[in-house]
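Chemist: Sequence:
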Amino acid sequence: MEVEEWVMGHETAQNMLRRIGPRTTGLAPLVPALQRIVNLHGRHVVEVAGASGSAKSEFLLQAAVKCLLPKQGYDGWDGGVLWFDLDGHFDVLRLVRLLQAHIHQEARRRYEEGNEEEDEMEDGEQVLETCMERFFYTRCYSSLEFISALKSSRNHLLRAQTCGKGFRILVIDSIAAFYWLDRSAPFKGGAGNPSLSLQGAMQAVVRELKELRKLSQPTGLLVMASKCNIYSSNFSDTNDWASGLRKDNRQVDSAHEKDSRRSGLQQREFMPAVWQEFITHRLLLQSKVDGTETLFSAEWLRPALLNVDEFTINDTGFMLTNR
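The numbering used here puts the sequence shown at residues 144 to 466.
Misleading hints may appear alongside valid ones.
The calculated lysine-lysine pairs, modelled on DSBU-like cross-linking and capped at a C-alpha distance of 30 Å, are [unchecked claim]:
1) K294 to K353
2) K308 to K294
3) K214 to K357
So the derived label-pair ranges between C-beta atoms look like this [stated by the list, open to error]:
4) N182 to E272: 28 to 34 Å
5) T464 to S295: 24 to 30 Å
6) V239 to K353: 31 to 37 Å
7) N182 to Y284: 32 to 38 Å
8) V239 to S285: 25 to 31 Å
9) D230 to T455: 22 to 28 Å
10) R252 to G434: 29 to 35 Å
No wet-lab data here; the hints were simulated from the structure.
The C-beta atom is built at its ideal place from N, Cα and C for all residues, glycine as well.
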C-alpha cells in the first residue's frame, strides 16, 4: 500500500521542499567568517555582536549585497532583503556603491574573457535597479513601530512569493537600539492595555519573527541582527545593572568568557532571555589599529570555533588578510 501511495505522487513540490528543509543561503563568498558555517539556512538566527566601530553594519550590508545580486552571472541569490534600521546608521549610498562595485567587477571579468561586448556592460544599471527593487527598508523609532513594521511585512512576503521572488534575509540593525527606552518604560498590563516593557516588547518581536519565517517556507528566512556589546572591568552579579531581568539573562557562553579574559574586560549579556534562546549563531566582530590601517576580526562564539578571520574594508567590501 505504501508503494502505491508513493507511485501516485500525492506529495506536492512545496511539501517536498518543506520536508527536505530550507536551502542554504550561500553567503560565504562575500562575507568573511560565514564560510566557517557552511549550512546557514532559513531557520537560523545570526547575532553579529561587537563594540561600536567593529563593522557590524558593514557586515550586514555585505550579506544583503550577496542576497540581492542575480544568481546567473553574478553568483548571487536573486532574493529579497527586509532591512529594519533601528539606530539610523543605514547608508544607502554605501549599499549602492557595493552593488555597483560587484556588478562592474563581474562585467569587466566577462569582458576580459571575451564573453561580453563593451556596450553590454551598460546593462549593469538595469541589474542595479533590479537589485534595489528587491530591497525593502524600514526605519523604526521605537519598539512599538518595530513590531508594527514586522506585522506589516507579512504582506511583502506573500506578494513576493506570489511573484516567485521571495525574501531570503531579514536584517535588524541594531536589535538593542531601544533597550534603555523599553527597560525604563512603566508596566502597563491589563486587557486592552498591552505591556511595552522590555520583556514584553522582545517577546512580541520574537513572536513576529517566527511568524515571518513560517510564512517564508519552504525556502525559509535567515534572520541577521547586529548588537552592540557592553564591557566592564568590575562586573559582578551583585551590581549587575541588568539584575532586574531573568536570571537566565546573566548566563554567559564559555566563548564569551574566553574573549573577556583575552581583552581584560567582562562582557555584560543584557538582552532578555527570550532573545538569547531565539538566536542560533553568534559572531563577534572586533577592530584594532595596525599601523596606518584598521584591521577587523571575526570569531564565532556560537558555535564556538577556534578560527579567527582577519580582514580589512575597502571600496568593494571585505578583503581577507593572510595574517
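Chemist: Compare the structure with each hint and give your call.
Modeler: Hint check:
1. A C-alpha spacing of about 11 Å is found between K294 and K353, which places the hinted pair at or below 30 Å, so the restraint holds.
2. For the hint pairing K308 with K294, the CA-to-CA distance comes to about 20 Å; that is within 30 Å, so the pair holds.
3. Distance restraint check for K214 and K357: the Cα-Cα separation of roughly 24 Å lies within the 30 Å cut-off, and the hinted pair is therefore satisfied.
4. With their beta carbons about 33 Å apart, N182 and E272 fall inside the hinted range of 28 to 34 Å.
5. Separation of T464 from S295 is about 42 Å and departs from the stated range, judged on CB atoms against 24 to 30 Å.
6. Roughly 32 Å separates the CB atoms of V239 and K353, a value that falls within the hinted 31 to 37 Å.
7. Separation of N182 from Y284 is about 36 Å and conforms to the stated range, judged on CB atoms against 32 to 38 Å.
8. The given range of 25 to 31 Å is respected by V239 and S285, whose C-beta atoms sit roughly 28 Å from each other.
9. D230 and T455 have their C-beta atoms about 24 Å apart, which keeps the hinted 22 to 28 Å range intact.
10. The hint said 29 to 35 Å for the Cβ distance between R252 and G434, and at roughly 31 Å that hint holds.
Checked against the numbered hints given earlier, the structure breaks only hint 5 and satisfies all the rest.
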